[in-house]
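K.L.:
The chain contents come next:
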Amino acid sequence: MSTPFLSIRDLRVHFGTEDGVVKAVDGLSFDLEKGRTLGIVGESGSGKSVTNLAVLGLHDPRNTKLDGEILLDGKELITASEREMEQLRGNKMSMIFQDALASLSPYHTIGAQIGETYRKHTGASKRVARARAIEMLRRVGIPQPDMRVDDYPHQFSGGMRQRAMIAMALVCDPELLIADEPTTALDVTVQAQIMDLLKDLQQEFGTAIIFITHDLGVIADIADDVLVMYGGRCVEKGTKQEVLRTPEHPYTLGLLGSMPSLDGPVDVPLSPIPGAPPSLLNPPSGCRFHPRCTFAEKVPGDLCSTEQPALKLTDGRGSACHLTPEQKRELFADYATARTN
Amino acid sequence: MSSTTPLLDVAGLTKHFPVKGGFPIRRTIGAVQAVDGLDFQVAEGESLGLVGESGCGKSTTGRLITRLLEPTAGKISYRGQDITHAGRKDLAPIRSEIQMIFQDPYASLNPRQTVGKIISGPMEINNIKPEGGREKRVRELLEIVGLNPEHYNRFPHEFSGGQRQRIGVARALALEPKLIVADEPVSALDVSIQAQVVNLLQQLQRDLGIAFVFIAHDLAVVRHFSQRVAVMYLGKIVEIADRDDLYGNPRHPYTRALLSAVPEATADETPARERIRLVGDVPSPISPPSGCRFRTRCWKATDKCASEAPPLVQVEGNKPGHLTACHYPETADTVPSPHLTKDPEAAA
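Residue numbers (UniProt numbering), protein chains in the order written: chain D, 1 to 341; chain V, 1 to 348.
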């Protein structure tokens, strides 16, 4: 096996707050190859955004404690200096945020903002940077890019702003692109446009993409591999087909059961997950999902509430759950038949 | 529609927001045509879903029905009574029958009031004294929406997002309404919590026979909750039909494009619907396109679409009650070619 492009080992991100230590990410490991898309799914507070801010070194060093290993192309990022990180950010790795309007400066033209990143990393002149900005806007499908390059963000529509931000993220041909809920604020027809754009660009440049979302439908559309996070930990991992067809963790099963579909039966109520996501200030003991898990009683003893299940992976596929594979086959069977119909 | 009077009857409902500008004298220089000539009915105990993208006027419609906004034109009848311009006094008894649930459970609850105070607020305003006292009724309501009645004296910040939305639902139920306008009631919630609230609303509709106007942008949620669905685009209804007809046999190109753009959580390589790539954005409601408002993004648009606005009618092949506003409605076997989609901005 070749060394993966991005490799994260036992990552822990802890924040010190007035009320105590928030364990936002608590022992997360994954690899990502070039040209692949990893979808990270989870609800608010599951640690999915924090993980990626840590990769980019955008956390606040005053109250954040990072532990573990983040290797980007063989380079350790956790111990890297701010100067080294600046070299990488926007150049080798970059990020697209959810709220494009808040992420763009209202006082500078779109062209200047795209060009700034380019000039910083290549030392190009203003003229060259401007030409590059126009080229990037054309690539992300903005009509009349040579005119629009001098517009300010407020003159762009929501979808166009998101495109402009993608242009900015890709201006230095990064090898790793982190997209944090890039389509959540957009309408479905525009969301479809943006996802097609990302897929096209990935095919062209072989970028590795981490796509963070809470929407399993979006995952099904764009991801190759899926990592499901709950309470700061990975609870299930596998290819998109494996996770969506034969989920192995009760939480993933619950997420799929919570989602109404466009084709399924309408007369049966949805099967929501009871309760609410855990507080990361004092998370539940043992398996963090056990207070909401409908299958916890099937596990002998109080294993679920006392012992944290390990993430058991074979060839990148597996889950962190105390249920035995036989139990899962039996208990999840109803779900499987419902999905195949 | 049957011969009985519908619970809510909306005809030609229009709302234009004036746009002011100019210096030194500010005057009206235009109008945002947020809602432009809506016709629909809601029967007793029925749920009508309103879907569409941002800016299509679905929230404005909700606020017009509840008379939080004054309509520019058109008529709203509640149980046959014209309430379009009814004054405070005439509205008072009706307001208690039409309630609203809001999108943001953080902004719609007063942080300085206890849950008990919030939920009993509508009863106080209307001077309703239920049997056994207001507190008893509030405890009942808390139980109905799945909260612990013991939480009567707690404040909103002690609850999670999903629980807060339940408090909002309890408040809407306090006056035993006949119609609830729910404006994106679940879109601010996490997926696993969304399903809890959708199930709760569905149960209320069934058990208490409350009619709903359910406003959402999520087509799957609307399908799950509504018996009838209206699709809006730029202030107009482009298609309205029973759930199964609308999702199974969409006739308007926009409905079709919208449905095809919804990503589905299946691992199948061949999607159930061919993805239609719409090009460009929704035009500005200040100067909407002439004729059919969807024509600038439609792959079938002709000169007729630019000159003549298509009426919302039962086009050939539609079941009764299935209305479509299109000159060239889709049929089941039309496969739209993505290459034919026009790019309005490139053409400009």
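Simulated from the structure, these hints should not be mistaken for laboratory data. Careful, some of the hints might be misleading.
[Unchecked claim] Rough simulated footprint, nothing fancy, chain V against chain D, three-plus residues with beta-carbon under 8 Å:
1. 56-65
2. 253-259
3. 265-271
4. 293-307
[Said to hold, decoys possible] Label-pair distances were calculated between CB atoms; the ranges are:
5. V:N110 / D:S125: 54 to 60 Å
6. D:Y152 / V:L208: 47 to 53 Å
7. D:G123 / V:N110: 53 to 59 Å
8. V:N127 / D:R12: 55 to 61 Å
The beta carbon of each residue, even a glycine, is placed where N, CA and C say it ideally should be.
K.L.:
If a hint holds in the structure, say so; if it doesn't, say that too.
P.N.:
Quick rundown of the hints versus the structure:
1. Counting residues of the region 56-65 of chain D whose beta-carbon sits less than 8 Å from any beta-carbon of chain V gives 0, not enough to reach three: the coverage restraint is violated.
2. Residues of the region 253-259 of chain D lying with their CB closer than 8 Å to a CB of chain V number 6, which satisfies the three-residue condition for coverage.
3. Only when three residues or more bring their CB closer than 8 Å to a CB of chain V does the claim for the region 265-271 of chain D stand; here the count is 4, and the claim holds.
4. Counting residues of the region 293-307 of chain D whose beta carbon lies closer than 8 Å to any beta carbon of chain V gives 0, which falls below the threshold of three, so the coverage claim is violated.
5. Taking 54 to 60 Å as the suggested C-beta distance range, the pair N110 (chain V) and S125 (chain D) conforms, at roughly 57 Å.
6. Hint check: Y152 (chain D) to L208 (chain V), Cβ distance near 51 Å, so the stated range 47 to 53 Å holds.
7. Separated by about 56 Å at the C-beta atoms, G123 (chain D) and N110 (chain V) satisfy the suggested range of 53 to 59 Å.
8. Between N127 (chain V) and R12 (chain D) the Cβ separation comes to about 58 Å, which falls inside the hinted range of 55 to 61 Å.
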